[in-house]
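Colleague: Make a model of the complete structure from these sequences and hints.
Number of protein chains: 2
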Amino acid sequence: MSHETLLLGIDAGGTSTRAVLADADGRCLGYGVGGRGNPISAGPARAAQGVLDAVMRALQPAGRTLADVTGAVAAMAGMRASGGSAWLHGPLREHGFTGALTFESDILAAYFSGSAASFGYALVSGTGACVVRVEDGRIEGTGDGLGWLLGDRGSGFWIGHAVATAAVQELDSTGPATALTARVLAHYGIPRTGVMHQGRPEELERLIEVLYAHPPIELAALAPYAFADADAVAERILQTAGAHLADTLSAVLTGPGPLVVGGSVLARTGPVQDAFLARLGGAAEALAIRPVGDGAVGAAFLALRAAGVRADEETLTTLTESLALLR
Amino acid sequence: MSHETLLLGIDAGGTSTRAVLADADGRCLGYGVGGRGNPISAGPARAAQGVLDAVMRALQPAGRTLADVTGAVAAMAGMRASGGSAWLHGPLREHGFTGALTFESDILAAYFSGSAASFGYALVSGTGACVVRVEDGRIEGTGDGLGWLLGDRGSGFWIGHAVATAAVQELDSTGPATALTARVLAHYGIPRTGVMHQGRPEELERLIEVLYAHPPIELAALAPYAFADADAVAERILQTAGAHLADTLSAVLTGPGPLVVGGSVLARTGPVQDAFLARLGGAAEALAIRPVGDGAVGAAFLALRAAGVRADEETLTTLTESLALLR
Numbered sequence: 001m002s003h004e005t006l007l008l009g010i011d012a013g014g015t016s017t018r019a020v021l022a023d024a025d026g027r028c029l030g031y032g033v034g035g036r037g038n039p040i041s042a043g044p045a046r047a048a049q050g051v052l053d054a055v056m057r058a059l060q061p062a063g064r065t066l067a068d069v070t071g072a073v074a075a076m077a078g079m080r081a082s083g084g085s086a087w088l089h090g091p092l093r094e095h096g097f098t099g100a101l102t103f104e105s106d107i108l109a110a111y112f113s114g115s116a117a118s119f120g121y122a123l124v125s126g127t128g129a130c131v132v133r134v135e136d137g138r139i140e141g142t143g144d145g146l147g148w149l150l151g152d153r154g155s156g157f158w159i160g161h162a163v164a165t166a167a168v169q170e171l172d173s174t175g176p177a178t179a180l181t182a183r184v185l186a187h188y189g190i191p192r193t194g195v196m197h198q199g200r201p202e203e204l205e206r207l208i209e210v211l212y213a214h215p216p217i218e219l220a221a222l223a224p225y226a227f228a229d230a231d232a233v234a235e236r237i238l239q240t241a242g243a244h245l246a247d248t249l250s251a252v253l254t255g256p257g258p259l260v261v262g263g264s265v266l267a268r269t270g271p272v273q274d275a276f277l278a279r280l281g282g283a284a285e286a287l288a289i290r291p292v293g294d295g296a297v298g299a300a301f302l303a304l305r306a307a308g309v310r311a312d313e314e315t316l317t318t319l320t321e322s323l324a325l326l327r
Numbered sequence: 328m329s330h331e332t333l334l335l336g337i338d339a340g341g342t343s344t345r346a347v348l349a350d351a352d353g354r355c356l357g358y359g360v361g362g363r364g365n366p367i368s369a370g371p372a373r374a375a376q377g378v379l380d381a382v383m384r385a386l387q388p389a390g391r392t393l394a395d396v397t398g399a400v401a402a403m404a405g406m407r408a409s410g411g412s413a414w415l416h417g418p419l420r421e422h423g424f425t426g427a428l429t430f431e432s433d434i435l436a437a438y439f440s441g442s443a444a445s446f447g448y449a450l451v452s453g454t455g456a457c458v459v460r461v462e463d464g465r466i467e468g469t470g471d472g473l474g475w476l477l478g479d480r481g482s483g484f485w486i487g488h489a490v491a492t493a494a495v496q497e498l499d500s501t502g503p504a505t506a507l508t509a510r511v512l513a514h515y516g517i518p519r520t521g522v523m524h525q526g527r528p529e530e531l532e533r534l535i536e537v538l539y540a541h542p543p544i545e546l547a548a549l550a551p552y553a554f555a556d557a558d559a560v561a562e563r564i565l566q567t568a569g570a571h572l573a574d575t576l577s578a579v580l581t582g583p584g585p586l587v588v589g590g591s592v593l594a595r596t597g598p599v600q601d602a603f604l605a606r607l608g609g610a611a612e613a614l615a616i617r618p619v620g621d622g623a624v625g626a627a628f629l630a631l632r633a634a635g636v637r638a639d640e641e642t643l644t645t646l647t648e649s650l651a652l653l654r
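For the record, the sequence lines run as chains E and H. Note that our numbering numbers the first sequence so that position 302 is 302, with each residue one more than the last. Take the position in the second sequence, starting the count at 1, then add 327; the result is the number in our numbering.
Treat each hint with caution, since some may be false.
[Unchecked claim] The following residues of chain H were derived to be distant from chain E, with all beta-carbon distances above 12 Å:
#, residue
1, Ser432
2, Trp475
3, His571
4, Ala615
5, Thr647
[Claimed, not checked] Here are some chain E residues pointing at chain H (derived, C-beta under 10 Å):
#, residue
6, Leu146
7, His161
8, Thr165
9, Arg192
10, Thr193
11, Met196
12, Leu211
13, Leu219
14, Ser250
The hints are simulated quantities; they were obtained by calculation from the structure and are not laboratory data. Given the structure is predicted, the values throughout are model-derived calculations rather than measurements. Just so you know, even glycine gets a beta-carbon here, dropped at the ideal spot from N, CA and C.
Modeller: Right, dumping it as structure tokens:
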């Protein structure tokens with residue numbers, strides 16, 4: 001067993017998991033990717049396996065084992081609702097881990113992937129959408145992140161749902177014509193037949209049937225069509241998404257600071273970004289916007305901080321640059 | 328076995344089922360209520376039992392059996408998606424039924440509960456919302472009825488969802504204060520503690536947890552709070568619901584005619600009705616609005632029509648008046 005300080009940052013997401021092995025100076029020694037890591041959406045056994053796969057892939061090329069690791073931080077969504085840490089702590093211990101395991105919010109990991117400042121904001125719009133205000137390095141304000149049924153306004157789900165609704169409303173003659181309709185029908189392999197049943201196109205009936213046969217969250221898969229089609233309906237959807245994200249940010253905004261932006265929705269130039277900045281108006285000038293790809297660096301940063309070693313702007317730069325060499 | 332013509336009209340709904348036994352002159356001889364009668368939402372076995380219970384309760388006090396019945400019409404939602412008639416035809420035959428069984432739309436039954444005209448409109452806004460245009464006694468145009476995830480705008484679900492969202496947004500500081508928040512928290516037995524976790528009230532976390540633990544459609548149970556609280560947020564929800572219902576009607580409107588209105592949402596005077604009529608504007612003057620309680624009379628009317636006996640305004644009056652004496 002080694003005497004060096006070795007830390008694991010784990011960014012456990014709903015579709016994949018990233019693990020970063022770093023030393024006390026923030027140098028990344030290993031990086032690995034695993035499957036679904038969220039116990040709420042994937043179930044505890046599958047999530048633990050997703051995390052373990054990522055961790056083992058980070059350790060093995062570096063010639064280390066879990067027994068060498070001093071401490072680990074797992075960043076994930078909804079950890080307060082996940083019913084404790086046993087689902088992950090147990091499997092890690094079985095594989096030799098004797099260190100400390102700490103859970104943190106995935107949004108805080110996103111924040112520290114882009115900033116080491118103790119005050120600032122993170123906005124993540126992927127499948128869901130959430131904004132936090134960080135003070136003294138902790139989350140002190142939260143906006144949205146309320147899930148697909150009641151919030152996540154401006155998220156990938158929100159956009160995908162709007163795309164599905166636009167297609168359904170055109171076919172129902174309750175909404176305007178849009179290029180999105182052909183995209184959505186093609187997505188589900190539904191041909192246009194022109195056959196009507198009780199004043200309703202057959203393809204609408206088939207579309208409704210297939211849309212209700214899948215979990216609602218899968219509507220997020222339709223979001224890319226809004227970016228692909230530049231017609232008025234698609235543009236309106238993206239503009240509204242950008243405005244929603246700005247409104248959610250405004251709800252937690254108390255002063256100037258860095259704004260770390262994660263998720264794919266705000267990553268592209270175009271109507272979402274334009275509407276987001278326009279809606280923020282003058283407030284946007286007080287924010288230093290920093291896009292991040294994921295929360296891997298931030299999870300490692302939080303692992304350093306949890307271990308009581310130095311974690312500042314210089315550490316963040318070291319983590320970011322040394323991880324870039326491994327990816 | 329009797330030689331008289333005896334017909335059964337069955338209004339099979341998602342929460343209860345009504346059966347009307349009528350003779351060829353439209354005189355109601357029996358009326359019964361049973362449980363859930365929709366095979367899609369309740370499952371075929373339970374739905375068949377709901378229908379059978381209603382039918383038996385209509386027959387027994389009249390001293391008749393299923394063997395005496397010439398023909399039956401079952402009016403229900405989504406019968407095209409229900410996978411055939413065997414789920415009901417089988418159990419009816421087991422109980423001696425030898426007549427013809429026909430399925431019709433529940434909205435068409437609602438229409439013929441309020442009008443015998445071969446041209447007109449029906450708007451039903453209960454848990455869901457749907458509008459149809461009737462031509463030559465058949466549905467020739469349909470608007471909405473697209474379900475809770477993609478449509479049903481202005482329905483009880485839509486209003487309940489808006490009520491839940493208003494409460495969640497106030498607690499999240501992304502929406503205005505409203506009396507609805509206290510109602511929704513009380514509905515789920517959640518106390519206000521003032522405790523914050525990561526800048527989020529504890530009661531919001533509990534509310535989100537309970538709202539996602541139930542099927543989304545149950546949000547319809549929150550709709551009555553919008554009618555109970557006359558604050559600006561509640562009024563705005565109801566006005567928007569009324570405007571949505573008017574827009575859906577406008578999508579199928581081709582000329583003057585009776586408008587049969589079913590469901591509880593448009594039944595009360597107040598913001599929904601006011602906004603509905605204001606949005607329709609001049610078009611409202613060409614519509615003779617007739618509220619109906621359910622589709623029981625219309626199901627019996629459709630049973631008479633299916634049997635080839637006279638079904639006109641006089642028959643409708645006879646059905647309505649003689650059923651009123653039995654209920």
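Colleague: Now tell me if each hint is right for this structure.
Modeller: Hints and how they fare:
| no. | hint | verdict |
| --- | --- | --- |
| 1 | Ser432 | violated (7 Å) |
| 2 | Trp475 | violated (9 Å) |
| 3 | His571 | violated (9 Å) |
| 4 | Ala615 | holds (21 Å) |
| 5 | Thr647 | holds (25 Å) |
| 6 | Leu146 | holds (6 Å) |
| 7 | His161 | holds (8 Å) |
| 8 | Thr165 | holds (6 Å) |
| 9 | Arg192 | violated (18 Å) |
| 10 | Thr193 | violated (15 Å) |
| 11 | Met196 | holds (9 Å) |
| 12 | Leu211 | holds (6 Å) |
| 13 | Leu219 | holds (8 Å) |
| 14 | Ser250 | holds (9 Å) |
Checked against the numbered hints given earlier, the structure breaks hints 1, 2, 3, 9, 10 and satisfies all the rest.
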